[in-house]
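2 protein chains.
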Amino acid sequence: MADRKILLSESDLPRQWYNVQADLPKPMAPPLHPGTRQPIGPEALAPIFPMELIKQEVTPERWIEVPDPVREAYMIWRPSPLRRAIGLEKFLKTPARIYYKDESVSPAGSHKPNTAVPQAYYNKQAGVKRLSTETGAGQWGSALSFATNIFGLECKVYMVKASYDQKPYRRLLMEVWGASVVSSPSRDTEAGRKFLAEDADTPGSLGMAISEAVEDAAKRDDTKYALGSVLNHVLLHQTVIGLEAEKQLKLVDEKQPDVVIGCVGGGSNFAGIAFPFMPMKFKGKDITFLAVEPLACPTVSRGMFRYDFGDTAQMTPLLKMFTLGHTFVPAGIHAGGLRYHGMAPLVSHLCALGAIEARAYHQNPVFDAAVTFARTEGMVCAPETAHAIRCVIDEAIRCREEKKEACILFNYSGHGFFDLTAYDKYFSKDLEDYEYPAEKIAEAMKHVPVVE
Amino acid sequence: MADRKILLSESDLPRQWYNVQADLPKPMAPPLHPGTRQPIGPEALAPIFPMELIKQEVTPERWIEVPDPVREAYMIWRPSPLRRAIGLEKFLKTPARIYYKDESVSPAGSHKPNTAVPQAYYNKQAGVKRLSTETGAGQWGSALSFATNIFGLECKVYMVKASYDQKPYRRLLMEVWGASVVSSPSRDTEAGRKFLAEDADTPGSLGMAISEAVEDAAKRDDTKYALGSVLNHVLLHQTVIGLEAEKQLKLVDEKQPDVVIGCVGGGSNFAGIAFPFMPMKFKGKDITFLAVEPLACPTVSRGMFRYDFGDTAQMTPLLKMFTLGHTFVPAGIHAGGLRYHGMAPLVSHLCALGAIEARAYHQNPVFDAAVTFARTEGMVCAPETAHAIRCVIDEAIRCREEKKEACILFNYSGHGFFDLTAYDKYFSKDLEDYEYPAEKIAEAMKHVPVVE
Chain Y
1191 MADRKILLSE SDLPRQWYNV QADLPKPMAP PLHPGTRQPI GPEALAPIFP MELIKQEVTP
1251 ERWIEVPDPV REAYMIWRPS PLRRAIGLEK FLKTPARIYY KDESVSPAGS HKPNTAVPQA
1311 YYNKQAGVKR LSTETGAGQW GSALSFATNI FGLECKVYMV KASYDQKPYR RLLMEVWGAS
1371 VVSSPSRDTE AGRKFLAEDA DTPGSLGMAI SEAVEDAAKR DDTKYALGSV LNHVLLHQTV
1431 IGLEAEKQLK LVDEKQPDVV IGCVGGGSNF AGIAFPFMPM KFKGKDITFL AVEPLACPTV
1491 SRGMFRYDFG DTAQMTPLLK MFTLGHTFVP AGIHAGGLRY HGMAPLVSHL CALGAIEARA
1551 YHQNPVFDAA VTFARTEGMV CAPETAHAIR CVIDEAIRCR EEKKEACILF NYSGHGFFDL
1611 TAYDKYFSKD LEDYEYPAEK IAEAMKHVPV VE
Chain L
1191 MADRKILLSE SDLPRQWYNV QADLPKPMAP PLHPGTRQPI GPEALAPIFP MELIKQEVTP
1251 ERWIEVPDPV REAYMIWRPS PLRRAIGLEK FLKTPARIYY KDESVSPAGS HKPNTAVPQA
1311 YYNKQAGVKR LSTETGAGQW GSALSFATNI FGLECKVYMV KASYDQKPYR RLLMEVWGAS
1371 VVSSPSRDTE AGRKFLAEDA DTPGSLGMAI SEAVEDAAKR DDTKYALGSV LNHVLLHQTV
1431 IGLEAEKQLK LVDEKQPDVV IGCVGGGSNF AGIAFPFMPM KFKGKDITFL AVEPLACPTV
1491 SRGMFRYDFG DTAQMTPLLK MFTLGHTFVP AGIHAGGLRY HGMAPLVSHL CALGAIEARA
1551 YHQNPVFDAA VTFARTEGMV CAPETAHAIR CVIDEAIRCR EEKKEACILF NYSGHGFFDL
1611 TAYDKYFSKD LEDYEYPAEK IAEAMKHVPV VE
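Going line by line, the protein sequences match chains Y and L. Quick note: my numbering has the first sequence finishing at residue 1642, numbered continuously throughout. Quick note: my numbering has the second sequence finishing at residue 1642, numbered continuously throughout.
Keep in mind that the hints were calculated from the coordinates and are not lab data. Be aware that one or more of the hints could be misleading.
To spell it out: a stretch of chain L is covered by chain Y in this simulated footprint if at least three of its residues, at any positions, have a beta carbon under 8 Å from a beta carbon of chain Y; those stretches are [as the list claims (entries may be wrong)]:
1. 1288-1302
2. 1335-1347
3. 1361-1370
4. 1611-1625
Derived pair list, reagent style BS3-like, types lysine-lysine, alpha-carbon separation capped at 25 Å [to be verified]:
5. L:Lys1280 to Y:Lys1314
6. L:Lys1314 to Y:Lys1280
7. Y:Lys1195 to L:Lys1195
The calculated label-pair distances, taken between Cβ atoms and stated as ranges, are [said to hold, decoys possible]:
8. L:Phe1281 to Y:Ala1316: 22 to 28 Å
9. Y:Lys1619 to L:Glu1380: 30 to 36 Å
10. Y:Phe1617 to L:Gln1356: 16 to 22 Å
11. L:Gln1356 to Y:Lys1409: 37 to 43 Å
12. L:Ser1199 to Y:Lys1280: 18 to 24 Å
As the structure is a computational prediction, the values presented were derived from the model and not from experiment. Every residue gets a Cβ at the ideal spot worked out from N, C-alpha and C, and that includes glycine.
Please build the complete structure, drawing on both the sequences and the hints.
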């Protein structure tokens, strides 16, 4: 019998992150100033990010050294296991070989600490005392709390009010690691007070929470801001996932994956597993990259590749990306991490070049897949991860029908221990299959600035 | 820097469990019939357990083969990592080397699947179609649901009403794996209907739930009963923990642990890590075994070594064990898994022989330890596990004060992702340090049968 788990030792942990910017067949469009609409330089980001992270945002270097203290912290849970989905393969009677990189083993339960740890480290090195951030469902907030605790930084998390009230477990996890968590909008910022004055009973939104966290960082000398997805340096840090997977596949004599699959919200977990295999594709190898999103938030499948703002309040630089429009309001699907109007510019660029294809699914078939996975592999996944699994199952069934062997690799981005109420709704047939209407997208696109 | 994680490959997974009964310096007292008070034979257990498990309950064989299908299922998460607590050691400035066996990596989040898997397997082999069990906080119920799903058995879980209402996440986890979960007392059994007739608003108890699960198994030909701790065969299965740890310590040139620590409720996770090292102790090596319990349920520290019933309703055989009396009603501490009036007869016997020492702690110092651990090691533990960690920290501090090197090994029996409300109460200074009063113990002991 094949091994279920392919393990690396700590000495195999990658010493460098891979920067796909070095190998792009065509360069990316630069970020633009929201006012002048001219390309911005690194200095524009200096008020909210430390210089090392800004350098990583723009560097053309192919390999970026992982600092020793970051590697040491990574070793708390990395290298993560690569698992062979023997139970699922058998159940599907597929000739495909299915492997998954298990990022749920991090203390915060997802891939997010892969970037939270270096972000906390570089801020500490730059003399920063305190980080501010926003969190929706709480995955990113808990990852950053875990990381700031390691390096002795304070952490202030603005947590969207609806989640703060409904998901106390994620908040408590952040507090166990010493973070200070407030319900957003809060009275701690001008933006928050303004939002509350407009509507004292607002459930909050990620857009509002971002405004509060950015204001907090911009106003305090001791504080910087940290973002959990979308930006180039975040995706860079996540490549540790794919670099490990590459070594692990070699250990079981797999020369390359034929299909690489991940779910996409902002794009970072997908980029993490996919980018290290991108050079093979650029060199002509036959690899399919599938980015999986909810039909309730079909950014790549139905959105447009345009310059748009990263936030609702139009405070961020303009980024060239797939977008549903920054005024997009997502339906309340349970995969909270996939409810974002934009897509990482690097992932968007590769989609536009045809290197990555998008797939979109409804909630119910996604939870069908999650339950099948739990009952064949034993593992209970996050609703975000379940999107990837839905696509994996469909690909494996296609392999069976076409009698085709294939090596399928996917990112198991997080566990579902804090998401069990979503499973409950699925079992109670209480999950809506919401599809974002084309008219609404067309309407929202009218608010996207036209950049010549 | 020393490695943080010591890993074994799947081929290193033990092929046999270790049966400490083979090496006891003095034999155990036999179980007695509750009516006749004469020693009972294996056949007395046949209505509720399959014969292979009954054989394991009484065998004097030192090594018991792990069947291949059980090993294959173990490989979903085993061998589990042995972790070096580098962060905690540094924080405590201790010369002690602290290792912990991470049993939280199982899909159910604790050591419980180590016995749930073989129990489900042997029942399947015996033609059983369905298992019944009780669960309090839900750890055991979720482990059995996970295991029965693997072998295609139905599973009926009687979950104590108070937990069923307050801890929906554990119930949902069981349902994801296909188990049928009811609030106990239920209308599905005679015992349940009787309890409800007496008090329609009862919060239930483990004693009531055991009565329902045993009745269910006794009345249906297709159903057997499964127990998650206390019995010899359960402890036998858990020795896979200590056997792996022994191999892992050798890999880092540790000849033996000087101190072995685990929390005790029924005794199985402690036995799992401790028993494989017991022969060293019997041969004269200097090893200290510390069983850690709550002061709210001080079974070994304050109870008596007597024949007593395993359940409140006096249905089980009489077992010679440390007990607080079968009428004992535990305080509502958060370490639900440690709220049991008795102690596994094997652990009790070794305590009585002086091979194992007990330690007892209050809740608040236990949660102090849990938070220290989360902030130095990054891992958020279950309240039960936190008892072991409290004792580890005290031992490590003693090593520092006595300037003594030592190898400390403990069992990290489970994660705390479903227990975060307990951390919340701790942070809110809302946790009571309840000590079970000596008068109450004396009173309860009056109801313990006198066996000559």
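Going down the list of hints, with the structure as the test:
Counting residues of the region 1288-1302 of chain L whose beta-carbon sits less than 8 Å from any beta-carbon of chain Y gives 3, enough to reach three: the coverage restraint holds. A count of 3 residues in the region 1335-1347 of chain L with a Cβ less than 8 Å from any Cβ of chain Y is obtained; the coverage claim is therefore met, three being the minimum. Here the region 1361-1370 of chain L counts 6 residues with a CB under 8 Å from a CB of chain Y, which clears the bar of 3, and the coverage holds. Against chain Y, the region 1611-1625 of chain L contributes 4 residues with a C-beta closer than 8 Å to a partner C-beta. That satisfies the three-residue criterion, and the hint holds.
Proximity of Lys1280 of chain L to Lys1314 of chain Y is assessed by CA-CA distance (about 20 Å); at most 25 Å being required, the pair is judged to hold. Distance hint between Lys1314 of chain L and Lys1280 of chain Y is fulfilled; the C-alpha atoms sit about 20 Å from each other, no more than 25 Å. Distance hint between Lys1195 of chain Y and Lys1195 of chain L is fulfilled; the C-alpha atoms sit about 16 Å from each other, no more than 25 Å. The beta-carbon spacing between Phe1281 of chain L and Ala1316 of chain Y, approximately 25 Å, falls within the hinted interval of 22 to 28 Å.
Judged by the Cβ atoms, the range 30 to 36 Å given for Lys1619 of chain Y and Glu1380 of chain L holds: they are separated by roughly 33 Å. Checked against the given bound of 16 to 22 Å, the beta carbons of Phe1617 of chain Y and Gln1356 of chain L, roughly 20 Å apart, stay inside it. Between Gln1356 of chain L and Lys1409 of chain Y the CB atoms are about 42 Å apart, so this pair conforms to the stated range of 37 to 43 Å. The given range of 18 to 24 Å is respected by Ser1199 of chain L and Lys1280 of chain Y, whose C-beta atoms sit roughly 22 Å from each other.
Checked against the numbered hints above, the structure breaks none of them.
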